[in-house]
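J.: Sequence:
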Amino acid sequence: MTKEKQKLEVLVQEAGTQDMIGVEFPVNKLLVNGKEIDKATHIQALEPIKGKEGNLIFYYKKQVLDVYSPITYNQNDTMPMPVRCLPVRERKGVGPQFDHQVLVYIPEKDKKHSFFHDNDSGYKPEEWYMDEMKVAGSKLLIKLRNNYEPGKSKTIAEGIGSLIKIPKKSLELTANEAKALIDEIGPSLGCDFTYDPVFPETRKDVCAVRRLAEDGSDYGYDTIYLVWKSKKGKLDHEELIDSSSSKDYIHVDKVEETKDEIIVKVRSGGSFSGRAWERELTKSKSELE
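Residue numbers (my numbering): 1 to 289.
Misleading hints may appear alongside valid ones.
[What the hints assert, rightly or not] List of simulated lysine-lysine pairs, DSS-like, C-alpha gap at most 30 Å:
#1 Lys-165 to Lys-109
#2 Lys-52 to Lys-39
#3 Lys-165 to Lys-112
#4 Lys-231 to Lys-152
#5 Lys-124 to Lys-29
#6 Lys-109 to Lys-152
#7 Lys-259 to Lys-139
#8 Lys-232 to Lys-204
#9 Lys-234 to Lys-204
#10 Lys-139 to Lys-112
#11 Lys-154 to Lys-165
#12 Lys-29 to Lys-134
#13 Lys-111 to Lys-204
#14 Lys-52 to Lys-143
#15 Lys-265 to Lys-285
#16 Lys-152 to Lys-139
#17 Lys-165 to Lys-134
#18 Lys-111 to Lys-154
#19 Lys-124 to Lys-109
#20 Lys-231 to Lys-52
#21 Lys-204 to Lys-283
#22 Lys-109 to Lys-39
#23 Lys-124 to Lys-39
#24 Lys-143 to Lys-179
#25 Lys-124 to Lys-165
#26 Lys-52 to Lys-179
#27 Lys-265 to Lys-234
#28 Lys-254 to Lys-285
#29 Lys-124 to Lys-52
#30 Lys-231 to Lys-165
#31 Lys-35 to Lys-179
#32 Lys-112 to Lys-231
#33 Lys-111 to Lys-39
To be clear, the hints were calculated from the coordinates, so they are not data collected in a lab.
Work out the full structure: start from the sequences and follow the hints.
T.: Right, dumping it as structure tokens:
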């Protein structure tokens, strides 16, 4: 009889609290098939994927390092108020400071490896927030938002090709490949979104992708990219247009192929400028080889 392979059970569970200078923080633990792998203030794990040495469990952990939480008085108040209750941008160095890590755990080898490690500035508590973490091809994409300066938000791409089984390169461009590329290279203001690509009806190796970058307050803009895969299977891109000066939304209506060109039809309703427009953006097919 053959022994059935045990299905991996990955859980994040509460494990009490931690007192840090009079402030209580939650403690969470990461369990794999009931075995405790790590502990931190916050843990977020991805679904396991197959790797060269076994299963790969990528996870993010946030651990409180320090807290600065004095008591302050408003001018007309007699009761003290913890400064840490203020909105994060008004705290001016008050609140918890966190350490951030992204790691992979391989159950079959019982080993961990750290891909990313950083911490909040002591003068900017709760400076960073992990918006998203995902595996895209041979890269691990980590999207970090800066709560103080949204323009410093970033997407970090860590190579994981040495750990995973990479399938033979396909000449067909997938929507996930195109979006992952734009997530990595596109502008980031903190509240960003990459839309699903628009492909021409006649081919599957080129598409147009819209990237929206916003700061969550009063500024944002769209960028339209052309993304393609060469005959050697290499991904490439070109920025076609952006609305950084007008702040207008730009929509991709259609992508068409002619004898010599790829045509991307875009439009805007003039959401901020008040001037609606339509445009055809072209790229020579000879430049996509």
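J.: Hint by hint, say whether it matches the structure.
T.: Hints, one by one, checked against the model:
1. At roughly 17 Å between alpha-carbon atoms, Lys-165 and Lys-109 fall within 30 Å of each other, so this suggested pair holds.
2. Restraint check: the Cα-Cα separation between Lys-52 and Lys-39 comes to about 26 Å, which is no more than 30 Å; the hinted pair holds.
3. A hinted pair counts as satisfied when its Cα atoms are at most 30 Å apart, and Lys-165 with Lys-112 qualifies at roughly 18 Å.
4. Of the supplied pair hints, the one linking Lys-231 and Lys-152 is violated, its CA atoms being roughly 36 Å apart against a limit of 30 Å.
5. Between Lys-124 and Lys-29 the alpha-carbon distance is near 26 Å, which keeps this suggested pair within the 30 Å criterion.
6. For the hint pairing Lys-109 with Lys-152, the CA-to-CA distance comes to about 37 Å; that exceeds 30 Å, so the pair is violated.
7. For the suggested pair Lys-259 and Lys-139, the alpha carbons sit about 35 Å apart, so the restraint of at most 30 Å is broken.
8. Restraint check for Lys-232 and Lys-204: the C-alpha separation of about 15 Å stays at or below 30 Å, so the hint holds.
9. Using a Cα cut-off of 30 Å, the hinted pair Lys-234 and Lys-204 holds, with the two alpha carbons roughly 14 Å apart.
10. Taking the CA atoms of Lys-139 and Lys-112, the gap is near 17 Å; set against the 30 Å cutoff, the hint holds.
11. Using a Cα cut-off of 30 Å, the hinted pair Lys-154 and Lys-165 holds, with the two alpha carbons roughly 27 Å apart.
12. Proposed proximity of Lys-29 and Lys-134 is supported: the alpha carbons are some 21 Å apart, at most 30 Å.
13. Our distance criterion of 30 Å between C-alpha atoms is broken by Lys-111 and Lys-204, whose separation comes to about 40 Å.
14. Using a Cα cut-off of 30 Å, the hinted pair Lys-52 and Lys-143 holds, with the two alpha carbons roughly 25 Å apart.
15. Taken as a hint, the Lys-265 and Lys-285 pair is honoured in the structure, with Cα atoms around 16 Å apart against an allowance of 30 Å.
16. With a C-alpha separation of about 21 Å, the suggested pair Lys-152 and Lys-139 falls inside the 30 Å cut-off, and the hint holds.
17. Annotation: proposed proximity of Lys-165 to Lys-134 holds, straight-line Cα distance about 16 Å (limit 30 Å).
18. Simply put, Lys-111 and Lys-154 have alpha-carbon atoms about 28 Å apart, close enough for the 30 Å limit, and the pair holds.
19. Using a Cα cut-off of 30 Å, the hinted pair Lys-124 and Lys-109 is violated, with the two alpha carbons roughly 38 Å apart.
20. Distance check on the hinted pair: Lys-231 and Lys-52 sit about 27 Å apart at the alpha-carbon level, within 30 Å; holds.
21. Distance hint between Lys-204 and Lys-283 is fulfilled; the C-alpha atoms sit about 16 Å from each other, no more than 30 Å.
22. Pair hint Lys-109 plus Lys-39 holds up; C-alpha atoms about 19 Å apart against a cutoff of 30 Å.
23. With a CA separation close to 24 Å, the supplied pair Lys-124 and Lys-39 stays within the 30 Å bound.
24. Distance check on the hinted pair: Lys-143 and Lys-179 sit about 13 Å apart at the alpha-carbon level, within 30 Å; holds.
25. Taking the CA atoms of Lys-124 and Lys-165, the gap is near 40 Å; set against the 30 Å cutoff, the hint is violated.
26. Between Lys-52 and Lys-179 the alpha-carbon distance is near 26 Å, which keeps this suggested pair within the 30 Å criterion.
27. Simply put, Lys-265 and Lys-234 have alpha-carbon atoms about 25 Å apart, close enough for the 30 Å limit, and the pair holds.
28. Of the supplied pair hints, the one linking Lys-254 and Lys-285 holds, its CA atoms being roughly 17 Å apart against a limit of 30 Å.
29. Distance hint between Lys-124 and Lys-52 is unfulfilled; the C-alpha atoms sit about 40 Å from each other, more than 30 Å.
30. Taken as a hint, the Lys-231 and Lys-165 pair is honoured in the structure, with Cα atoms around 22 Å apart against an allowance of 30 Å.
31. For the hint pairing Lys-35 with Lys-179, the CA-to-CA distance comes to about 35 Å; that exceeds 30 Å, so the pair is violated.
32. Using a Cα cut-off of 30 Å, the hinted pair Lys-112 and Lys-231 is violated, with the two alpha carbons roughly 37 Å apart.
33. For the proposed pair Lys-111 and Lys-39, the alpha carbon gap of about 15 Å is at most 30 Å, so the pair holds.
Hint compliance for this structure: hints 4, 6, 7, 13, 19, 25, 29, 31 and 32 are broken, all remaining hints hold.
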